[in-house]
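Student: Going down the list, the sequences are from chains A and B.
In terms of my numbering, the first sequence has 432 at position 432, counting the first letter as 1, and numbering is strictly consecutive.
One gets my numbering by counting positions in the second sequence from 1 and adding 1000 to each.
Please note that the accuracy of each hint is not assured.
[Said to hold, decoys possible] Simulated pairs of lysine-lysine, DSSO-like, Cα-Cα distance not exceeding 30 Å: (1) A:K198 to B:K1059; (2) B:K1420 to A:K76; (3) B:K1059 to A:K314; (4) A:K256 to A:K27; (5) B:K1594 to A:K80; (6) B:K1219 to A:K80; (7) A:K198 to B:K1308; (8) A:K12 to A:K191; (9) B:K1059 to A:K299; (10) A:K377 to B:K1026; (11) B:K1438 to A:K191; (12) A:K191 to B:K1420; (13) A:K198 to B:K1086; (14) B:K1432 to A:K191; (15) B:K1420 to A:K314; (16) B:K1056 to A:K410; (17) B:K1059 to A:K411; (18) A:K410 to B:K1086; (19) B:K1432 to A:K53; (20) B:K1059 to A:K377; (21) A:K53 to B:K1056; (22) A:K376 to B:K1308; (23) B:K1086 to A:K376.
[Stated by the list, open to error] Derived contacts from chain B toward chain A, CB cut-off under 8 Å, selection only: (24) P1039; (25) L1041; (26) L1043; (27) G1173; (28) Y1218; (29) L1728.
Hints listed in this document are in silico derivations from the structure and should not be mistaken for laboratory results.
Beta carbons are placed, not taken as given, at the ideal position from N, Cα and C, and that holds for glycine.
Here's the letter readout for the chains.
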Amino acid sequence: MPTLVSHPDEVKVISRRFGMGAKDIEKYIELDGYKAVQQGIEQGPAWIVDTMKASGLRGRGGAGFPTGMKWSFVPKVSEKPKYVLVNGDESEPGTCKDHVIFLEDPHAVIEGTMIAGLAIGAKMGFIYLRGEYRYLLNIVEKAVAEAYAKGFLGKNIFGKEGVDFDIITQTGAGAYEVGEESALMESLEGKRGVPRIKPPFPAVVGLYGGPTVINNAETIANAPHILLMGGEAYAKLGTERNGGTRLFGISGHVNKPGVYELPMGYSLRDAIYKVAGGIPGGKALKAVVPGGASCPVLKADEIDVGLDFDQMAKAGTMLGSGGIVVLDETVSIVEFALRTIRFYQHESCGWCIPCREGTDWLKKTLTRFHAGGGNKKDIDNIQYLAENMMGRTFCPLGDAAAMPTLGFIKKFRGEFEEYLAGARVENPLIQITTIGETELAAH
Amino acid sequence: MPDVTLTVDGNKITAPAGTLLIEACKTAGIEIPAFCYYPGLSLQAACRMCVVRIEKMPKLQTACTTPVAEGMVVQTETPEIAQARKATLQLLLGNHPLDCPVCDAGGECELQDMTFKYGAADSFYTEPKNHREEQKWSPVVYFDRPRCILCYRCVRMCGEGMDVFALGIQNRGSSSVIAPNVPAQLSPEDLPNLDCEQCGMCIDACPVGALTSGAYRYKTRPWEMNHVSTVCTHCGDGCKTTLGVRSVSDGSEIVRGDNRDKSGMNGDFLCNKGRYAFDFANNIERLTSPLVRKDGKLKPVSWDEALKFAGAKLRELRDSRGPQSLGVIGSNRTTNEENYLLQKFARTVLGTNNIDHHRTADYVTLATSIGATTRANGKTRYASQHCVETAPALLFIGGDPTNQAPLTAWNARTNVRLNKARVYIANHEEIKLRRQSKAAIQVSQFGYGALAQYLAGDDKAANATSTVEQADVLSSFREAIKAEDPLIVIVGNEVRGGELANLIKALPHAKFGLTADYVNSRGASDMGVLPDVLPGYQPLTGSTIASEYSVADKPGLDLLAMFDAAAAGDLAALYVVGSNPVKRYGIDPATLGKTFLIVQDLFLTETALLADVVFPAANLYEKSGSVTNSYGDVQLVAKAADKAGTRSDFELIVRLADHIGHDIRTLVPFGKGLRADMGQTRGAQSGEADRHAVWMTANNMEPKLSPFDPFAILDEIQRVVPGYDKLLRLQLLSGNDQNITPAATGLVQIENRKDLVLPSSDTLFTSGSLTRFSPMLQDVQRHQETEVSDHLAAD
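Next comes chain A alone, as it looks inside the complex:
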């Protein structure tokens, strides 16, 4: 289990119960737990949605869609049951924030789910964990059972006549793709994890055909805190149009890696050099992947940027899922590009041609390039492939594979060229496969 880290620059909202034993329901209640949901029952759905809108909270999964607005899209009246779905399929490489929430504060997710349910008029919520988080399932299930035992879940919750809410937990089978909301619904329904055609969007036709709110676990876990502190107060913590704080998982070549809660708009440079303690051994920074593997890379001279959705977009990358990966000067970008594309090639669901075939050819070409069999045309070909995947795929996975690849090629083209000229990685992390071996053909 990861050790918790802390830094004075942190603004603790969602992480304020971390390390305090809040997995236990008694402790959670002691730390203001389950107050927000009761307040929500009193004040009604409109108040919840208004508060969420005022908070400026934007989806923490990566796309940054305003949460209050998402909740308000769900039709008031529906023939089919409405659902709340918590996306705990945290699979973006470099991201490990939801993991800490489930580990340290699972009741916040449960309470947040109930609040979302109250807001849209759903009586059932699902918490979906990624397949590899099976060990967290015990923690979450125990928390759910405790809530049922207390009468916080089930029929007439908190003794309120006619207020019902149930929560079901589920794990995936190990596919990055089901982190996409509609693919997650397919998976939850027991089908292949392949995204659905949109529209209709989940708010109208979602899980089992019912209107569904699907939010990232961190987004959902923020809801109780926002109701307790008020939307405006939460919004003030962040920057304009980027309310509040968020968890950043800083990893890679830093002295103090870990999950930190920083206010939106916090400087990326400070996050690396102050909060995470800088780069070990006094080495120079080469690049930063700022928000999970799918975000275009930032070069060392591009890190004077605020960590919020809008500033990052302006810098030509994305805030994404908050997984900051720091690379020092020893990292070979060729190898890093290959590692990245190997992931996406492995995780492509195979549904659409550009992603299925594109990631495969990117991987094959980069594998050969990495092994020393590259030629000058390869660099152009990689760029051509990535450019022709961008915006052409069925779901964002194709973009997620193409964007970083384009970033590597455009920003570090020189390094690719040097590699061609004979520069090599000293200690390659990826086994170099000789060209033509059967293993290469098989992958």
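Got chain A sorted already, so can you dock chain B onto it with the hints?
Tutor: Frame of chain A; chain B shown alone:
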């Protein structure tokens, strides 16, 4: 839906709101390429070929998932779009084996066409392609995995279209492959077998050569075949099929059957038999020489000898023992023209009403019961096959369309899927179509008569109708179908005679269709191959045709009575055309000991084995004419193949009449009326035409108009058979179907022996006597048997 106006490539087009952009463009004549889009099946947006630029949208959009909207401005062929499509093709071709020179689909491949159009000829990849071994899934379905582009058409066709769900997707990403679904307890690697209806729809849906047909693969190239559009011979549904034909040393053989041009009422549908079971035509056991019994054994003789012998003998027996000692049994696989000619031959050449055929549905009762009645709006009460696909409500009483009338089942499923049609089922078995039904009741096995009474309002019949259903279930079923208007009732062959008449009376608002077993079962009845009615179900006395024929007014012997007469020694001669009554009705061979038997068939059937003369006949794929399906939809049959040594039934009947000494000018009114080519477009037929010309010249006839031309008799059919007078010749020749309704008046109600209607209970893999002569059907049957036993073993 109101229409919206949008701009596509600068042209204003209008389409109903909600129409998919790809369809709206197609209607306007703008083709948008697509692999995964298939009309009628669920949307995928997987191939990304149909991307278009829509104004105000940030990315390229897929035309297959975008509904048209008012004011939409669309570009479908800009350099940006062409580049997107080209890149997609390059990606596909990167892993494609490019074995086009040997691929079955070469020349008919959508991937080839697209590559040609977008010029994706350059490749950047030097790595090995992802190769996988080819798999045999069944005797008729092979899967060449590297060729697959994963458009999922086959998966959807099988699941949504066929309701079989035999195919699925294995693995993910670039390892994804289409694979047969297997029971959970079996490993997919153990059983790459298809447990399905073997319809081959997946093969037709495949845009490339990934799925190939066991009957056709590696046999020829598409451009080396002639493609002849005709009608399948196997069941009464009347599917159009396009036969791929190639010249061989003894004529021309069929190498492929499909309906990729989506013509006819079956659209793209064909079942296992329609697609593959043409191979009986090339069976080595096919008769190719006339046989005459000499010294107790059937010996091959010349055509002249056989015809002369048979004709002389028939004449002698007619003159010595009287016309009433002669009998004729017709076929439900021969054309309308042949059926008409045969009954005319019996009635005017032999002079007897002793003519019948193997009936598989009670069309006489259908015609006489509906009679002059109409629906409340004055419209007809005869259903067409098209009604099954479009009507808002269908009621199936008896029968199992999935097995016996696969197109009817397909149309019903399509109707439910696309139009939300309501299907009601009353059956004594749990037929598969129940899965699409809104309501279903289980009738007792012999409860159909009671059901008719119950539907007519007799509550006392409830107990006899069903021993399973509760009274309230039955009554709500009855109320539901009474409330459906229009309602199409499709009746299986369990319901006949008085029961059928009661049923027709009980549902006066409904249109009716009877399912029968072979291609021209309805036509045989319509054409009067019956002992007690003339063509068009006209009475033996009083009608124009009766006076023209100067036919005996006493009904003749029916099929069973003929064999009774034979047993009693009263049947001097029997002429059997395209039928195997000895096997079908379980006739004791000794019965025919004193009867001079002439059999005209493809094979030496149980009946032919007893014959004194056997004529080798052409099958339905080797002749022209018209056929009428179960519902009364008439279609043109075009000559596709040719087999040396055989002759069409039409020609044989005329020849026999000639040898009996009858003036064939009175049998076939050739030499006047319209002359039209009934699809004889192929070079192989010129030999036949020459043969006819030589014969006619020798007989001082003008060799231009042949008595062997089925169209000569079609003129007469149209003149004298009620209903067929409405047939439009141009429609027929264009390959369109037309629904025929028998006359409303002047019909005669007959007492019907119920046992004359003998359902053949064919399955998806049998087709009467033809089954055992089709190696493919035999193969598939064996495959299905092992499939079943495999599953049982696994359970």
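Student: Against the earlier hints, flag every one the structure doesn't satisfy and list their numbers going up.
Tutor: Hints 5, 6, 7, 8, 10, 15, 19, 22, 24, 25, 28 and 29 contradicted; others consistent.
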